[in-house]
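Asks: Here is what each chain is made of, one letter per residue.
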Amino acid sequence: MHNFAFHKPGSVADAAKAIGAASDGKIIAGGQTLLPTLRQRLAEPSDLVDLGAIADLKGIKAEGDGVTIGAMTTHAEVASSSVVAGAIPALAHLASHIGDRQVRHRGTIGGSLANNDPAADYPSAVLGLGATVRTNKREIKADDFFQGMFTTALDEGEIITAVHFPKPEKAGYEKFVQPASRFALVGVFVAKTKGGVRVAVTGAGQEGVFRAKEVEAALGANFSADAAKGAKVSADSLNSDLHGSAVYRAHLVSVLAGRAVAAAK
Amino acid sequence: MPTVKMTVNGKAVSADVEARTLLVHLLRDKLALTGTHVGCDTAQCGACTVHVNGKAVKSCNVLAVQLDGAQVTTIEGLATGDTMHPMQEAFRNNHGLQCGFCTPGMVMSAIDLVQGKPPLSESEIRAGLEGNICRCTGYHNIVKSVKAGAEAMQAGKGR
Ligand SMILES: Cc1cc2nc3c(=O)[nH]c(=O)nc-3n(C[C@H](O)[C@H](O)[C@H](O)COP(=O)(O)OP(=O)(O)OC[C@H]3O[C@@H](n4cnc5c(N)ncnc54)[C@H](O)[C@@H]3O)c2cc1C
Ligand code: FES
Ligand code: FES
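Protein chains in written order, with the numbering used here: chain U, 1 to 265; chain X, 1 to 159.
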């Protein structure tokens, strides 16, 4: 890993200033994705700005019709939160299955969303629930936030401060784990909301997380596990690799959607 | 060079480190605490697991400078004098190790997993140790050790 200048600001405003002043500055949150990247020398930032000392970015609170989670809240904190378990149990369930215990103790929701790994878990919950990503500049709707693998609507140096999740009527998440990496080979988040059924899929799409319109239509007509399993999902824009073909992944989308409906609370 | 201050195994430590220094390198190279092992260096294997503020983390995947002010416990900090921690004792009694390379990380993860919890089932222990890889034992005796260690910790024979 190349060396860099390290900053640990106490406020979001100071963090934005530090990023702005650096020639090639990067934010570090839990570091669970960034540090392996730096160690492989896939990136060589001049400065790292650690968000770890900014109290405003941490914590979970009930807000309006849902839950707001600070960007620096760890996966372990979301998994064990009674507020999350009460409002959106599927979200706590999802967080408790990210990576392993050690990763969950450091990794954060803000880091996961900014990174937008095509096999990460949180993007499916944010898109499935129609959440809103809040930054130091604006609010971004989930449908506009994810823009292809490892790509988001965030501007250079823009900082995620929190995510607001509206409470669904019911939601479920099922993940088929890729056993070596623990990421999702395919993960499906199903939410029955006032505005209709939303189904978001991670791990399968060539462009990262996406909404499975075929399954949404089937579940909109009949919210049942059988309806989800019966929905035909096109393999056209899905991934094929040594872990599974696009056709296999398409099949998993309907099967996992069915399981997510059966488990939905 | 940045200075980091932390408490390691109950002792106050202050060190000048390059910003890029990983916690595991501070522990092993500067503090000579070589019980914490580096197995993969890619954040996969868990051999480098230590406790930071009481929680298991992979010390190869965190910068020392991120942990200014933290409480760190390594495998060297578990025993009380000559008396091993009940989880260490359980690994010895149940043949929970062969080459021993993964063992410090396994013990640190196991303590974090069972601490303050009602008894876990075998499958919960297996799932709870998913961040730690062992190339020797086939895990069977590790799971037995963790179960026994948890019981001994509950029985108040240790922490
Ligand atoms: C062994 C292992 C297994 C894993 N398994 C899974 C898994 O099963 N599922 C899964 O979803 N993930 C998995 N992960 C990834 C993990 O969840 C990471 O914690 C997460 O993707 C990144 O969060 P972080 O806080 O560690 O971010 P960092 O690594 O610190 O940062 C990641 C990126 O986001 C940027 N960033 C961070 N915070 C912000 C912010 N607030 N605003 C703007 N930009 C920001 C950084 O600049 C960087 O580019 C795994 C990781 C490891 C090491
Ligand atoms: S050396 Fe840290 S996880 Fe393998
Ligand atoms: S005992 Fe050899 S790696 Fe686990």
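One or more hints might be untrue.
No farther apart than 30 Å at their CA atoms in a straight line, the calculated lysine-lysine pairs in the DSSO-like style are these [to be verified]:
#1 Lys61/U <-> Lys194/U
#2 Lys61/U <-> Lys117/X
#3 Lys192/U <-> Lys141/U
#4 Lys117/X <-> Lys26/U
#5 Lys58/U <-> Lys144/X
The hints are simulated quantities; they were obtained by calculation from the structure and are not laboratory data.
Asks: Is the straight-line distance between the alpha-carbon of Lys117/X and that of Lys26/U 30 Å or less?
Replies: 38 Å, violated
Asks: Compare the distance between the alpha carbons of Lys58/U and Lys144/X with 30 Å, and conclude whether the hinted pair is satisfied.
Replies: 37 Å, violated
Asks: Need the status of pair Lys61/U, Lys194/U: alpha-carbon distance at most 30 Å?
Replies: 22 Å, holds
Asks: For the pair supplied as a hint, Lys61/U and Lys117/X, is the alpha-carbon distance within the 30 Å limit?
Replies: 25 Å, holds
Asks: Verify the proposed pairing of Lys192/U with Lys141/U, using a straight-line Cα cut of 30 Å.
Replies: With a Cα-Cα distance of about 18 Å, the restraint between Lys192/U and Lys141/U holds, given a limit of 30 Å.
Hint compliance for this structure: hints 4 and 5 are broken, all remaining hints hold.
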